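Student: Chain by chain, the residues:
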Amino acid sequence: MSDRIVLDTAERILADLCPPEVVNDAENGVWPAALWAALEESGLTLAWVGEELGGGGAEVGDGFDILKAAGAWAVPAPLAETLLAGWLLEQGGLAAPGGAMTVAPVGAADNVELAVGMLSGTARQVPFARNAGHIALLAAGRILLVEQASCALVPGTSLAGEARDQITFDGVRPLRSAPAPEGLDRDRLALVGAAVRSAQMAGALSRLLDQSVQYAQEREQFGRPIGRFQAVQHALADLAGEAAAAEAAADAAGEAVAAGDFGPAGIAAIAAAKTRAGEAASKGAAIAHQVHGAMGFTYEHSLHHRTRRLWCWRDEFGNERFWSVRLGRLIAAEGADALWPFLTGSHAA
Amino acid sequence: MTGDRFRFPKVEFGSEEQALREEIRDFIREEKASGGFTPMADSWGSGWSPEWSRKMGGRGWLGMMWPKQYGGGEKPALHRYIVTEEMVSAGAPCAAHWVADRQSGPLLLRYGTEEQRTSILSRIAAGECYFAIGMSEPDSGSDLASVRTTATKVDGGWTINGRKIWSSGAHRSHYMIALVRTAPRDMKARHAGLTQFLIDLKSPGIEIRGIRNIAGESHFNETVFDDAFVPDDMAVGEVGDGWRQVTSELAIERSGPERFLSTFPVLTELVRELGPEPGERDAETVGALAARSMALRRMSLGISRLLDEGEAPEVAAALVKDLGTRFEGDLVREARNLLPATAASQSPDLYGKVLADGVLHVPSSTIRGGTNEVLKGIVARELGLR
Numbered sequence: 001m002s003d004r005i006v007l008d009t010a011e012r013i014l015a016d017l018c019p020p021e022v023v024n025d026a027e028n029g030v031w032p033a034a035l036w037a038a039l040e041e042s043g044l045t046l047a048w049v050g051e052e053l054g055g056g057g058a059e060v061g062d063g064f065d066i067l068k069a070a071g072a073w074a075v076p077a078p079l080a081e082t083l084l085a086g087w088l089l090e091q092g093g094l095a096a097p098g099g100a101m102t103v104a105p106v107g108a109a110d111n112v113e114l115a116v117g118m119l120s121g122t123a124r125q126v127p128f129a130r131n132a133g134h135i136a137l138l139a140a141g142r143i144l145l146v147e148q149a150s151c152a153l154v155p156g157t158s159l160a161g162e163a164r165d166q167i168t169f170d171g172v173r174p175l176r177s178a179p180a181p182e183g184l185d186r187d188r189l190a191l192v193g194a195a196v197r198s199a200q201m202a203g204a205l206s207r208l209l210d211q212s213v214q215y216a217q218e219r220e221q222f223g224r225p226i227g228r229f230q231a232v233q234h235a236l237a238d239l240a241g242e243a244a245a246a247e248a249a250a251d252a253a254g255e256a257v258a259a260g261d262f263g264p265a266g267i268a269a270i271a272a273a274k275t276r277a278g279e280a281a282s283k284g285a286a287i288a289h290q291v292h293g294a295m296g297f298t299y300e301h302s303l304h305h306r307t308r309r310l311w312c313w314r315d316e317f318g319n320e321r322f323w324s325v326r327l328g329r330l331i332a333a334e335g336a337d338a339l340w341p342f343l344t345g346s347h348a349a
Numbered sequence: 001m002t003g004d005r006f007r008f009p010k011v012e013f014g015s016e017e018q019a020l021r022e023e024i025r026d027f028i029r030e031e032k033a034s035g036g037f038t039p040m041a042d043s044w045g046s047g048w049s050p051e052w053s054r055k056m057g058g059r060g061w062l063g064m065m066w067p068k069q070y071g072g073g074e075k076p077a078l079h080r081y082i083v084t085e086e087m088v089s090a091g092a093p094c095a096a097h098w099v100a101d102r103q104s105g106p107l108l109l110r111y112g113t114e115e116q117r118t119s120i121l122s123r124i125a126a127g128e129c130y131f132a133i134g135m136s137e138p139d140s141g142s143d144l145a146s147v148r149t150t151a152t153k154v155d156g157g158w159t160i161n162g163r164k165i166w167s168s169g170a171h172r173s174h175y176m177i178a179l180v181r182t183a184p185r186d187m188k189a190r191h192a193g194l195t196q197f198l199i200d201l202k203s204p205g206i207e208i209r210g211i212r213n214i215a216g217e218s219h220f221n222e223t224v225f226d227d228a229f230v231p232d233d234m235a236v237g238e239v240g241d242g243w244r245q246v247t248s249e250l251a252i253e254r255s256g257p258e259r260f261l262s263t264f265p266v267l268t269e270l271v272r273e274l275g276p277e278p279g280e281r282d283a284e285t286v287g288a289l290a291a292r293s294m295a296l297r298r299m300s301l302g303i304s305r306l307l308d309e310g311e312a313p314e315v316a317a318a319l320v321k322d323l324g325t326r327f328e329g330d331l332v333r334e335a336r337n338l339l340p341a342t343a344a345s346q347s348p349d350l351y352g353k354v355l356a357d358g359v360l361h362v363p364s365s366t367i368r369g370g371t372n373e374v375l376k377g378i379v380a381r382e383l384g385l386r
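Here the protein sequences line up with chains Z and P, keeping their order. First residue of the first sequence? That's 1 in the numbering used here, and the numbers climb one at a time after it. First residue of the second sequence? That's 1 in the numbering used here, and the numbers climb one at a time after it.
In isolation and in its complexed conformation, chain P is listed as follows (with noise of 0.2 Å):
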């Protein structure tokens, strides 16, 4: 079967996690009635609020599975699975911290300094320390290898010069970890000589500029590096190693699911507006979405499975991101037609604003985290046909 190449093992869920996933559900829906937040689209990646990150971190949601000394909670990634399912499909306000809980903190974990650790970690588990992602430059994209960002050696530690762009949040965040090139380029070796950088972003030669984005917000930016200093303990893993960390990171990144159900409010608030007994093309188009999404949901799940065993499931992360960024998509063109709603970010009523929310930041799904064109092509490689 395609478990022979792409394995998605089945998870199943004890009390624990259930108990858990209702005390998430419980918080989420005193929240909702007491104005805590409006339920949006792409809420992981546009919502930013500290006031909420602050209160998951209370909590204990955030930094779930890190070591106690640090500020977690050494749970399994199946505890940080729920958590981060029932927010994002409640359309929750969780851009501040995603950043530095899904990637930012397991990189620190891992390969980080014991001083990175003890400084940083706790901060991020409490909801208080937010990371900037620092790849695609405005030359490099898809291609990230080709980066060309630069470290030099001083005494002490690194200069570092260039450009790092689309970093969401990078203005309101505390750090960014910049992959950057510390060996000139060589093409016979593409990915070698590529390094990790923790940087604090209030450091001295480093400027900020906002990128608007078709939705109006001030979302994401360009980080100019003008010969900003990095002490030498900031290294993040080892000098040359940059490129296999990244990668490492990429299973994580692609498989969550916020690649699946960033649009899934306006699901809900379409079977909402159609009512108890919907004609047959509106119940059809609601059960097709759901059938897709709860597929969807089993393969992510599977994921979540096996980086809990320690695997690297990189080839079934980017298909499960392909699909998953696609049905995004799909269901918001589906659910506008359903109805005669009109798509407006002041709409009064909750599904035309989270009909606007998705439609205009939906072009951003099949983008960031790598294109559907270069996740496919990684999957291509699995079939052997590259």
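Bound conformation, chain Z alone (with noise of 0.2 Å):
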């Protein structure tokens, strides 16, 4: 499904722009401004956008690849965001605006309300919610486009040191504003929103992979590279299985999407992907730390940029637990001799 120049356009500008250095700055609350320019110049910020309203139309699946290669250099930019944000605003015919954007709500809980043209309400834990320049909402069933100039903000930060933000959003009025389509409600925007992190964790996992495997090539005790240990190699190869299987569970979800499919195996695919991710995320993350020794706990190696951000996105958008009681649960209301053809039915295939 993948586009290749797409996704070698997204690996040059990240090889080139995104070093360490440039996480660790933004952490520290330097935007990188060089990165963004690029990327936002070769239109993958709003390859989810159709050319009509301002994007870059290109294929669903391509904008999935670009998130896995957005994971695997951990971008410390509202790149996903931004991606998803524009196909919010597609699905409302709403033209993008330049620039960074980012989503709410995205806390189950929060609510947002729409009534005689002003908003009010809260969303808590935006991403990048600071650095974007205008926000796509859904709300009353709406998808509206906000300025975030014109919210209030408090700040706030993820376990990867990424602006997570709360917004209110009281008697802000929207920029731009179309009825959502049938079907488009919060629940699917959980949908794409796990797709996503699904992919940024399957890129994540697979640089982790290469990281730990040059560390331990490289890294010498009692005379020999920590590689040539045998439970260091299995270790290791645990880790290439995890970030094999995450991706494939996210490549799944990233082709549910691309079809449009929400229904139950569309669903299914998502929520195992979710799952699936997320419960690699967590096992990788632990076999590179323990690869890495304690070099690896310290902040000046960059190993933490890619495990915090994985410990990060597990949890958003619905945790391993939400998505698999939801999965459970599909399972169960389809019975025990649907089980079969439901699982062989869905995108895992």
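Certain hints may be false.
[Unchecked claim] Chain Z is faced by these chain P residues, among others (derived, beta-carbon under 10 Å):
| # | residue |
| --- | --- |
| 1 | Phe6 |
| 2 | Glu86 |
| 3 | Glu273 |
| 4 | Gly275 |
| 5 | Pro276 |
| 6 | Leu296 |
| 7 | Arg297 |
| 8 | Gly377 |
| 9 | Arg381 |
Hints listed in this document are in silico derivations from the structure and should not be mistaken for laboratory results. Keep in mind that this is a model prediction, so the values were computed, not measured. The beta carbon of each residue, even a glycine, is placed where N, CA and C say it ideally should be.
Both chains are given apart, each in its own frame, so use the hints to dock them into the complex.
Tutor: Right under this line is the structure:
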């Protein structure tokens, strides 16, 4: 499903402009301006917005490849969120503004209301809100575009040191507004968000494997690289398995979103992906840290750029428990004799 | 991405594949309803039923990929994949033909003589001819290259001496393909001097002794060769080329659906027991197990496609078998603790029975076909660590 050019462009930009220093600086409040400008200029940030609405008009599947690359490079900017915001605006036929965007509300308990053209309510832990010029909002059955500067913002941070801010929309008038199409509700936004985070986790795990293998080849103890020890080899083989399983699951979820399948099969693929990638994030990060020893526990080493993001992403848009319960209930409703047909009818295949 | 190292391409099914799947499901449904089989875990390893194998052969579901002149169906590997995953997930008794259909037939097709192909393949495809694997020996398990069974050249053929072990179903099989030493061991070239022979198990000089397993079944064997004569034309492929041939079998042997679905009937019956409105913890466990099976299936299918494209993704296959067989065990462990059921082979309810099958057979999942420790070593080598 992938257009190699989109992925190659993303990889090239990230390799050039997203080194560990940029990730560290971003955590200390320095906006990665050169990186963002290059991403925007190449059209990657609005890949999920049609050309007629000011976007790049890429295939949805290509967007998921971009997300895997973004996860691999620990992009410290709202690339995933801008893609997701673009997707939401596109659903409402709203033109996308330039610049960074984010999406709200993301927490299941948060609600934003719309009455006589004015918003009210608070959304918590909105990713990169302070860095976003605009917020794409799903509220009161409508898709809305809001200027961030007109909202009240209380800063917060994720485990990875990325912005997760609280936004209060009281009295704010949306810039653009359109009714949400049939079926596009908070649940669907969570489904797409879960697929997005799954892809980022798959990418991060893949790079975590590379990084850990490289470290095991270089670090010597007892007169040989630690990667020569069977215990370490087996741990890294397990990490390879987790990374591969997460990617397989995430790809299936991406395909469900790309196909616009939000029926039981699509929900199953996405629920399975967030569950499996979240599980792989926990296991994989633990293995990577164990292999890196004390060195990987230092802020100086870049291992935490991926492990802390994995720990953050596994929680967001529903954790493993949330999605596995959902999948388990879907299966129970179908019944035992439909179990195998149900699993094979999904985008797992 | 990991795809750079381990590629699992996406597989899409067309209408022909869907029709095949429906045909198999109808067959399984009817057989189950009429008492043709009772679902079991490890059905491809333990469910020995020549009757079932002949039924499958009659429907064209064995030797599916082989040329028509040898009784095959000239279908893509994906069709065989569908047949095997439908059978294993349903817990249908496929052990009799399993080895012959999965690896012995393809090996003969690739390396065998015309005479071997003509005389044997169509019988395998009909579900009438069964094979045992002759790889492990009492002193050669994970370290397969250390096999000591010898073939000594004599007039018109070879005499075989030594012992093969864990040969599943050898006592009920027609042939064994045995990996034996045709040249003395050379520590500098450990993989040289090995040859595969097609051995008629009714030949004089062969004794097959059953070994009872922990499930109480006489399922695998020790096969003893005492000056057993094998004619020249029963060598498979080139003399001395056995190692390469054996390893080429492994990607097929290790990546199939039987490497993660052996205990799937336990999940099916668990879902039945839990009913339409399970508690939160039950739903969570079922969902998490389903999620793992879905990812594994995608990987396993990806390898099937690579095999179709002529690749031999041995490392990816090792990775899938390691993950998949551990999943088989986890499924049983997690399922059993959700309900107050007692696993028992004689259990009146199906859940207790498949759970017992699962508990008793799971220890072999992570050993047969290459222990998980060996598999992790293969993955580690690919990662550049060995």
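Student: So, for every hint listed, does it hold in this structure?
Tutor: Hint check:
1. Phe6: Hint holds; phenylalanine 6 of chain P Cβ to chain Z Cβ min 5 Å, cut 10 Å.
2. Glu86: Holds - the Cβ of glutamate 86 of chain P comes within 10 Å of chain Z, reaching about 8 Å at its closest.
3. Glu273: It holds, given that the least Cβ distance between glutamate 273 of chain P and chain Z is near 8 Å, below 10 Å.
4. Gly275: Status holds, d = 7 Å.
5. Pro276: 5 Å, holds
6. Leu296: 7 Å, holds
7. Arg297: 6 Å, holds
8. Gly377: 7 Å, holds
9. Arg381: 9 Å, holds
Violated hints are absent here; each numbered hint is respected by the structure.
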